[in-house]
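S.K.: Assemble chain B onto chain A, guided by the hints.
2 protein chains.
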Amino acid sequence: MNSKQSEARISEAQLIRKYFAPFANKGAFNLKDDAARLSPVPDTDYVITQDAIAEGIHFFAEDPPDQIARKALRVNLSDIAAKGGEPKYISLALGLGTEWNEEWIAAFAKGLQEDCTRFGVELTGGDTFSTGSGFIISITKIGEIPKNQYVSRIGAKPADAIFVTGSIGDAALGLKARLGGLKDLDETSLEVLLDRYLLPRPRMELARLIRKFATSSMDISDGFVGDLEKLCDASGVSAVVNLADIPLSDAVSAAVRLESNALETALSGGDDYEILFTANADNSNEILASCSSWDFNISQVGEIVEGEGVKVFDTKGEVMEFKNKSYDHSGERS
Amino acid sequence: MNSKQSEARISEAQLIRKYFAPFANKGAFNLKDDAARLSPVPDTDYVITQDAIAEGIHFFAEDPPDQIARKALRVNLSDIAAKGGEPKYISLALGLGTEWNEEWIAAFAKGLQEDCTRFGVELTGGDTFSTGSGFIISITKIGEIPKNQYVSRIGAKPADAIFVTGSIGDAALGLKARLGGLKDLDETSLEVLLDRYLLPRPRMELARLIRKFATSSMDISDGFVGDLEKLCDASGVSAVVNLADIPLSDAVSAAVRLESNALETALSGGDDYEILFTANADNSNEILASCSSWDFNISQVGEIVEGEGVKVFDTKGEVMEFKNKSYDHSGERS
Numbered sequence: 000m001n002s003k004q005s006e007a008r009i010s011e012a013q014l015i016r017k018y019f020a021p022f023a024n025k026g027a028f029n030l031k032d033d034a035a036r037l038s039p040v041p042d043t044d045y046v047i048t049q050d051a052i053a054e055g056i057h058f059f060a061e062d063p064p065d066q067i068a069r070k071a072l073r074v075n076l077s078d079i080a081a082k083g084g085e086p087k088y089i090s091l092a093l094g095l096g097t098e099w100n101e102e103w104i105a106a107f108a109k110g111l112q113e114d115c116t117r118f119g120v121e122l123t124g125g126d127t128f129s130t131g132s133g134f135i136i137s138i139t140k141i142g143e144i145p146k147n148q149y150v151s152r153i154g155a156k157p158a159d160a161i162f163v164t165g166s167i168g169d170a171a172l173g174l175k176a177r178l179g180g181l182k183d184l185d186e187t188s189l190e191v192l193l194d195r196y197l198l199p200r201p202r203m204e205l206a207r208l209i210r211k212f213a214t215s216s217m218d219i220s221d222g223f224v225g226d227l228e229k230l231c232d233a234s235g236v237s238a239v240v241n242l243a244d245i246p247l248s249d250a251v252s253a254a255v256r257l258e259s260n261a262l263e264t265a266l267s268g269g270d271d272y273e274i275l276f277t278a279n280a281d282n283s284n285e286i287l288a289s290c291s292s293w294d295f296n297i298s299q300v301g302e303i304v305e306g307e308g309v310k311v312f313d314t315k316g317e318v319m320e321f322k323n324k325s326y327d328h329s330g331e332r333s
Numbered sequence: 000m001n002s003k004q005s006e007a008r009i010s011e012a013q014l015i016r017k018y019f020a021p022f023a024n025k026g027a028f029n030l031k032d033d034a035a036r037l038s039p040v041p042d043t044d045y046v047i048t049q050d051a052i053a054e055g056i057h058f059f060a061e062d063p064p065d066q067i068a069r070k071a072l073r074v075n076l077s078d079i080a081a082k083g084g085e086p087k088y089i090s091l092a093l094g095l096g097t098e099w100n101e102e103w104i105a106a107f108a109k110g111l112q113e114d115c116t117r118f119g120v121e122l123t124g125g126d127t128f129s130t131g132s133g134f135i136i137s138i139t140k141i142g143e144i145p146k147n148q149y150v151s152r153i154g155a156k157p158a159d160a161i162f163v164t165g166s167i168g169d170a171a172l173g174l175k176a177r178l179g180g181l182k183d184l185d186e187t188s189l190e191v192l193l194d195r196y197l198l199p200r201p202r203m204e205l206a207r208l209i210r211k212f213a214t215s216s217m218d219i220s221d222g223f224v225g226d227l228e229k230l231c232d233a234s235g236v237s238a239v240v241n242l243a244d245i246p247l248s249d250a251v252s253a254a255v256r257l258e259s260n261a262l263e264t265a266l267s268g269g270d271d272y273e274i275l276f277t278a279n280a281d282n283s284n285e286i287l288a289s290c291s292s293w294d295f296n297i298s299q300v301g302e303i304v305e306g307e308g309v310k311v312f313d314t315k316g317e318v319m320e321f322k323n324k325s326y327d328h329s330g331e332r333s
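For the record, the sequence lines run as chains A and B. Just so it is clear: in the first sequence, position 146 is 145 by numbering that gives the first Met the number 0, and no numbers are missing. Just so it is clear: in the second sequence, position 27 is 26 by numbering that gives the first Met the number 0, and no numbers are missing.
Think of the hints as simulated: they come from the structure by calculation, not from any bench. Hints may be right or wrong, so weigh each one.
[Stated by the list, open to error] Label-pair restraints from in silico Cβ distances:
(1) A:R16 with B:S283: 25 to 35 Å
(2) B:E204 with A:F59: 32 to 42 Å
(3) B:Q13 with A:W293: 51 to 61 Å
(4) B:R207 with A:V304: 47 to 57 Å
(5) B:D42 with A:F312: 30 to 40 Å
(6) A:T116 with B:D183: 54 to 64 Å
(7) A:A20 with B:S38: 41 to 51 Å
[As the list claims (entries may be wrong)] To spell it out: a stretch of chain A is covered by chain B in this simulated footprint if at least three of its residues, at any positions, have a beta carbon under 8 Å from a beta carbon of chain B; those stretches are:
(8) 44-57
(9) 75-86
(10) 114-126
(11) 130-138
(12) 143-152
(13) 244-250
All C-beta atoms in this analysis are idealised placements derived from N, C-alpha and C, irrespective of residue type, glycine included.
Here chain A stands alone, though its shape is the one from the complex:
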């Protein structure tokens, strides 16, 4: 086919060489090759995961490109940590929106490179292509984990305690604010929520703890209640949670005081990227104490019981009802 390129645009090869080769893994031959070689370390398994983020769904066209890159990386990092792995390599499929220009790419690559350095991961390669509409970024991530220590969603047992990192619902309410909601919320709270939507905080410090104690684990990407239900379903158990034990930030609490339906959004909305895990309750004290030197907390929020489904009890001891327990990224935009 006779490709008619806009004169003003850099070619795919130049773009890769200029902006992405500088942080490539040595097995990737400076991204001059069409694949990369990985040499596994003995007694080590790999954890592989892939997540995509799309303009208009997970981020907005006007978001800073470096932040979009960081988000694309971080949504994958939380998956690796949740399995007990240490992140190692990424492969990037960069779907260029019709409005791309070199400045956008430069900022995107800078953000990605900085976060790769920060989290100790190297680029193995990938692909760039035109989407014909908005930007889409799909990152495949490979982590290392000592042999046979991978922690899946399957393995929660009755009487296990349930834990979550950080706080729940900030990003979902950040999106709500971004879409024009929460108009009367104070500036400080708004900033916190918007920032949490823009930039997940993957809890990489947790990986060792997960390997040591967790009976099951996953990251919360589609909403706390729905994701806990998925964990229970995979493990063949049920969960009982008290609302009062679910960690909510001051910003989320302020939003809930303002609009009571914000609570449902916080508990069932997406993009938390916190880690949800279960462990034998005998280990609770050690688990809860382990985060003393980290910049986030671990909270014990409930208990695994026999049965199926998830029950969240409100402060009056009544079971809460949810219209949607989680956000379905394959569904329609709301």
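M.R.: Relative to chain A, chain B alone:
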């Protein structure tokens, strides 16, 4: 966010369980987990590669979904074979276009499953998401290769012979026909070209030969001339090719007789997914003979020399000029 789903649509979780879990790798926990565990075999390296195909760029909205799935897989398989690897695992990011329905997914999954079985690969997981426009499929592929036998684009040496598999230009002319060109071409030739555009034929049999003989290797995805130039650039050498030695199918030859500019399209258009490699010329006879039991040929098309760039000599001994040496998938649609 409060996800408002269309009643008629299956959820992401149901969709994965129903259509994709049946051909998942056992390290993927029936796709109930958010990642998968790979356990590397001793003395084996991994080859990793990622390619994306997008509606309107690499396929058309009206193409059969099972064929789209096969194409998405096969464009990755040729990369693995070109490096000397045996395909093993895939991870799928499935970007659903606005027009998706369960019937589309079912057909897509069926095509993917059949080709996974055919080529011996297993699904480790991935992600589904809404693109807000057309379908986009990004597949990350992992192959196995005996330790230190990976073949990159870097390593072609002066006096090496240059080889290609199959025939060149069929898919690019298939696309031309698809877009309304080649109107006077005979029905049989048209069918051949259209089919080659729709469905690449990855040359997996070649992997052992590549490991044994190739000094450099890559798959041809963006056009023969441009991709040979990339190989030369990575290896720091130049190439001399005679047009008469480039394998053209009867269908391509018929198209070129009809329209002289079809030759440039054939040699510089994308989507061949044949393999281009170099080897010591002393091994030519053994290499050329090795395909006797396969359903495709290997052709010796030229020689590596010192210098840079690629020269293609036409049948009169003159150097051919190309307006575009390759198709840039990040560029504008033509």
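S.K.: Assuming the hint says 47 to 57 Å, is it satisfied by the Cβ distance from B:R207 to A:V304 or not?
M.R.: holds, 55 Å
S.K.: Mind checking the hinted window 32 to 42 Å against the Cβ distance between B:E204 and A:F59?
M.R.: violated, 48 Å
S.K.: Confirm or reject the coverage of the segment 44-57 of chain A by chain B under the rule of 3 or more residues with a beta carbon closer than 8 Å to the chain's beta carbons.
M.R.: The restraint on the segment 44-57 of chain A holds, since 14 of its residues have a Cβ under 8 Å from chain B and three suffice.
S.K.: So the hint says 54 to 64 Å: do the beta-carbon atoms of A:T116 and B:D183 match that?
M.R.: holds, 58 Å
S.K.: Has the segment 143-152 of chain A got at least three residues whose CB is nearer than 8 Å to a CB belonging to chain B?
M.R.: holds (count 5)
S.K.: Evaluate the given range 51 to 61 Å for the C-beta pair formed by B:Q13 and A:W293.
M.R.: violated, 37 Å
S.K.: Given as covered by chain B, does the segment 130-138 of chain A meet the bar of three residues or more with CB within less than 8 Å?
M.R.: Coverage by chain B holds for the segment 130-138 of chain A (6 residues, Cβ < 8 Å).
S.K.: Between the segment 75-86 of chain A and chain B, see if three or more residues pass the 8 Å beta-carbon test, and mark the coverage as holds or violated.
M.R.: holds (count 5)
S.K.: Counting residues of the segment 114-126 of chain A with a beta carbon closer than 8 Å to any beta carbon of chain B, are there 3 or more?
M.R.: Contact hint for the segment 114-126 of chain A vs chain B: holds, 4 residues under 8 Å.
S.K.: Is the hinted range of 25 to 35 Å satisfied by the C-beta distance from A:R16 to B:S283?
M.R.: holds, 33 Å
S.K.: For the pair B:D42 and A:F312, does the Cβ-Cβ distance stay inside 30 to 40 Å?
M.R.: 55 Å Cβ-Cβ, so the 30 to 40 Å window is violated.
S.K.: Do the Cβ positions of A:A20 and B:S38 conform to the proposed distance bound of 41 to 51 Å?
M.R.: violated, 31 Å
Consistency with the previously given hints fails for numbers 2, 3, 5, 7, 13, ordered from lowest to highest.
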